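*Asks:* Sequence:
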Amino acid sequence: MKCSTKRIGTNIFCICHVQHGSNQLNKKNNKHNMPRMYRRAPGACYAYIKKERQLFVLSRRFALILSIVFISGFTQGLLIPLLSILLERQGTPAYINGLSAAVLYIGVIVAAPLMEKPLRRHGYVPVISFGLALVAVAVFAFPLIPSVLAWMVLRFVVGFGDQTLHYGSQVWVTSITPNHKLGRTMSLYGMAFGLGFALGPLAAPLVDWISWLPFVLTGTLTVLVLIALRRVPNEKPSDVMPEELQSAASRYRLVLTSAWFTLLPGFTYGFLEATLNASFPVFATRNGYELSQTSSLITTFVVSSLLMQLPLGRLADHFGKRRTLITVLSIGAFSFLTACFLFQSYGALFTIFAISGMALGSTYSLGVAYMTEQLPNHLLPTGNLLAGISFSLGSILGPISGSLFVILPPGFYFILFVLVLATLAYLLFRSKPVSRSL
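All letters in the sequence shown, in the order written, are residues 15 to 452 by our numbering.
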């Protein structure tokens, strides 16, 4: 008896081809070889159907997580340029505008160490729901309170909420994904956020039609995914914890001493992304590039990174995360080293940004996948928490370092990226992978 399954609506049926007698009899009388459909599967099909149902539920849950991450990226991609433009139109000084933008990342850092205990106690759905609710409330409040100080507070709330939902989503994904699929899964995770972040600015011009329209749009999308999330059964991280790791400090110490190198890719990507968005436009303007050219270069980096997220994830699953990370970081370092000599050519920079984007766009997601390989399940919440802090620190230090290198001769600006990428590649090369059992 050969069995397979067929999904009809929400039901899964088992179809078994049952043969009676000899092959010659079956050829003469086809009714003995007709497939039989069981609403309640026989023993031969039970395990197969159970596996199919688990995969179906897992795929729906993963799709919902990707939707949440997409909306988070869309919200950030919309608010960062939109609020900066609105503050500029109000005559706000540039340094106040920049400080207001940095408050979002301060919210991320403040939220990071506070989330592990609630996640372990309440599970994924309540924590992610709390983050989505904070973001929705803050986004709806922006057009109602047009004040610089109020917007700084609301940006802090958005950063706090974003970190909360990302932390819960990231731990959830890494805990349910087998090691041989981690690269592909985290690449899809990063692609969802990147795609949302890239599409977010396209909604900013809606403010010229109706001042509150972009805020209501992203707030409504956030509420919709929040409603969908509340229909998903809750789960909790692994609570099997050695006695010596009961305190948070002991868990932080163990992750930082044994798997510190897996946190560096997140720092590097945050550093690179924030520097390109904050200081590269200043560098390009001072070297004669028009605004449209500057925007197209940054867009090229983002789009090329999205195109290579999934292929790089599959390569990492096949060849190993560490080897893949070292390779792409080396390619990125060489690309920016070339830019030190060709920065005056728009065509050359366009090619360099496309290559470096394809190589470096998956740095954060591959770093999280590599970290998940190195840590046992009970340390994944702590590891993901530290990865988020590492990314935020890079996002804060990147623009500061970039502003210092901008005042140097033009050929030295891209040396900053070369130093960071080459240093990380060297540290990963020298690092020694640890056992998941620790």
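Please keep in mind that the hints were generated in silico from the structure rather than gathered at the bench. Treat each hint with caution, since some may be false.
Claimed, not checked - Here are the in silico distance ranges between beta carbons for each label pair:
| hint | residue 1 | residue 2 | range |
| --- | --- | --- | --- |
| 1 | Leu227 | Val162 | 38 to 44 angstroms |
| 2 | Leu351 | Leu238 | 44 to 50 angstroms |
| 3 | Ser306 | Gly425 | 23 to 29 angstroms |
Note that the coordinates shown come from a computational prediction; the quantities given were computed from them, not determined experimentally. Don't be surprised by glycine CBs; every beta carbon is placed ideally from N, CA and C.
*Asks:* State for each hint whether it applies.
*Replies:* Hint check results:
Remark: the range hint 38 to 44 angstroms for Leu227 to Val162 is contradicted by a beta-carbon distance near 22 angstroms. One distance hint, 44 to 50 angstroms for the beta-carbon pair Leu351 and Leu238, holds here, with the actual separation near 45 angstroms. Evaluation of the 23 to 29 angstroms hint for Ser306 and Gly425 yields a pass: the beta carbon distance comes to about 24 angstroms.
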